[in-house]
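Please put together the full structure from these sequences, using the hints given.
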Amino acid sequence: MKQTGNDELLVDHNHDGINRRGFLKCMAWAGTGTLCVMQGGVLKSLALNRWQEMGQPQGQSELSFVQISDSHMGFNKPANADVVSTLKAAVDKINALPQAPEFLLHTGDITHLSRPEQFDTVKQILTSTKTKDVFYVPGEHDVTDGDGKEYLQHYGKNAQSGGRYSFDKKGVHFLGLVNVMNLKAGGLGSLGAEQLEWIKKDLEALTASTPVIVFAHIPLWSVYPEWGWGTEDSEQALALLKRFGSVTVLNGHIHQTMQKVEGSVTFHTAASTAFPQPAPGKADSPGPMKVPAEQLRALLGITDVNFVRGQQALAVVDSNLV
Amino acid sequence: MRRELLLVCAAVFLLGEAQTTGGTAANGKTNQAEVEIDNFTFAPVTLTVPAGTTVKWVNRDDIPHTVVSEDRRTFKSKALDTDDSFSYTFTQPGTYTYFCSIHPKMTAKVVVQ
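The listed protein sequences correspond, in order, to chains A and B. Counting along the first sequence from 1, when you hit position 236 you're at 234 in our numbering, and nothing is skipped either side. Counting along the second sequence from 1, when you hit position 63 you're at 159 in our numbering, and nothing is skipped either side.
Treat the hints with caution; some may be incorrect.
Okay, derived cross-link-like pairs now, DSBU-like style, lysine-lysine, Cα gap no bigger than 35 Å in a straight line [unchecked claim]: (1) K288(A) <-> K240(A); (2) K199(A) <-> K155(A); (3) K182(A) <-> K172(B); (4) K152(B) <-> K182(A); (5) K172(B) <-> K280(A); (6) K258(A) <-> K152(B); (7) K198(A) <-> K168(A); (8) K86(A) <-> K152(B); (9) K199(A) <-> K168(A); (10) K152(B) <-> K155(A); (11) K201(B) <-> K288(A); (12) K198(A) <-> K155(A); (13) K205(B) <-> K121(A).
Hints were generated in silico from the structure; no laboratory data involved.
This is the structure:
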């Protein structure tokens, strides 16, 4: 593997295999398509285009999936008059990946107004991906009918009450959580006591070495509470996940990529396939951000996730739709 | 001739005014007020009205919002897209805190006297 300049970060001050400065550097680059891979306990960061030149990271990826988010089917305002074609561009991007994903995760705001035809359009567009399975969790725009009836009709069949569920793929445990129902006035996202109890029971039988991936719409960490970018009771869920050696939390809602690492938990938010939103506090409100037409697709994207057994952190790669 | 014209114009003007004011009618029973939703904000944030007022919320934002009373029962609109509206008549005095159930950080209140 070629080595140039700053690509390899081998500083390990704490002798725990975690290169903290490297993590921060990775996070700063994440929005522009950076692969952060833990190999042999050492964090390496590679620019996405170089990674594609080299092919796979060392060690075949055992499990590969793609996260998309916030397709907002039905949105038709100036920020993006054609969310259908940008979702199709995301599908093209998925189909062009060097390793075909086994399934897709959609982290919510599938539709803009919870309408049946909007759910149907997204379902239909996603059948064009080479991967057949799509797992969804709802965003607040998917449950605007109050009790989420339309969403649950589409995606609640194999789920617990409220739409939460869990499943396993190749020894990795996935939890799909719903934090957009029964929200209180002035509040943030909410998991609720019943769901937290269910999470506790769901995780009980797992060994601490089981990699866990949690996906939910609203971020499970405090990105920017003033704009509702956080979940009130996420700390309680994270306490239940504390004993696990590798936890990845995948969220949407904020329409931009962001990463945070806390101990053995990596938090990551995906870009939208519909429209971007401003960075925290950089605008009066978190609404759709209008940009010149030629810049739009650079701010929309997909997230490719690869799991290599024996490595703590999943390789999470964001790429835009350009 | 001109004075008559002036008087007619004045009369028409005054009649017109009475019809479009949307304020207190002759018997003082019907009141209307409006709340504008834009930039993730209800404006005015506190609306004070007499009992019997019909409040109309209009969404001017480029994102949908709802108008839901804090208890989620007293009044609850469906999702309002841009230019959609929702009305509710407040018959009982009191303070009614409400929010957008899609973006719960958006809160406001109607004070009914």
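Agreement of K152(B) and K182(A) with the hint, judged by alpha carbon distance not exceeding 35 Å: Given that 35 Å is the threshold and the Cα spacing comes to 23 Å, the pair holds.
For the pair supplied as a hint, K205(B) and K121(A), confirm whether the alpha-carbon distance does not exceed 35 Å. violated, 39 Å
Pairwise hint evaluation, K152(B) against K258(A), where the allowed Cα distance is 35 Å at most: Since the Cα atoms of K258(A) and K152(B) sit roughly 43 Å apart, the hinted pair is violated (cutoff 35 Å).
Within a Cα-Cα threshold of 35 Å, do K199(A) and K168(A) meet the stated pairing? holds, 21 Å
Could you grab the alpha-carbon distance between K172(B) and K280(A) and see if it respects the 35 Å cut-off? holds, 32 Å
Starting from K182(A), check that the Cα of K172(B) is at most 35 Å away, please. Since the Cα atoms of K182(A) and K172(B) sit roughly 14 Å apart, the hinted pair holds (cutoff 35 Å).
So if I understand the rule, the pair passes when the alpha-carbon distance is 35 Å or less; does K201(B) with K288(A) pass? holds, 22 Å
Against the 35 Å threshold, does the CA-CA distance of K198(A) and K168(A) hold or violate the hint? holds, 22 Å
Can the restraint linking K198(A) and K155(A) be considered satisfied, given a maximum Cα separation of 35 Å? Roughly 22 Å separates the two Cα atoms, so the pair holds.
Holds or violated: are the alpha carbons of K288(A) and K240(A) at most 35 Å from each other? violated, 39 Å
Does K199(A) pair with K155(A) here, judged by a C-alpha cut-off of 35 Å? Answer holds: K199(A) to K155(A) is near 20 Å, not above 35 Å.
Given the hinted pair K152(B) and K155(A), is their Cα-Cα distance within 35 Å? Judged against 35 Å, a Cα distance of about 38 Å means the pair is violated.
The earlier numbered hints that this structure contradicts are 1, 6, 8, 10 and 13.
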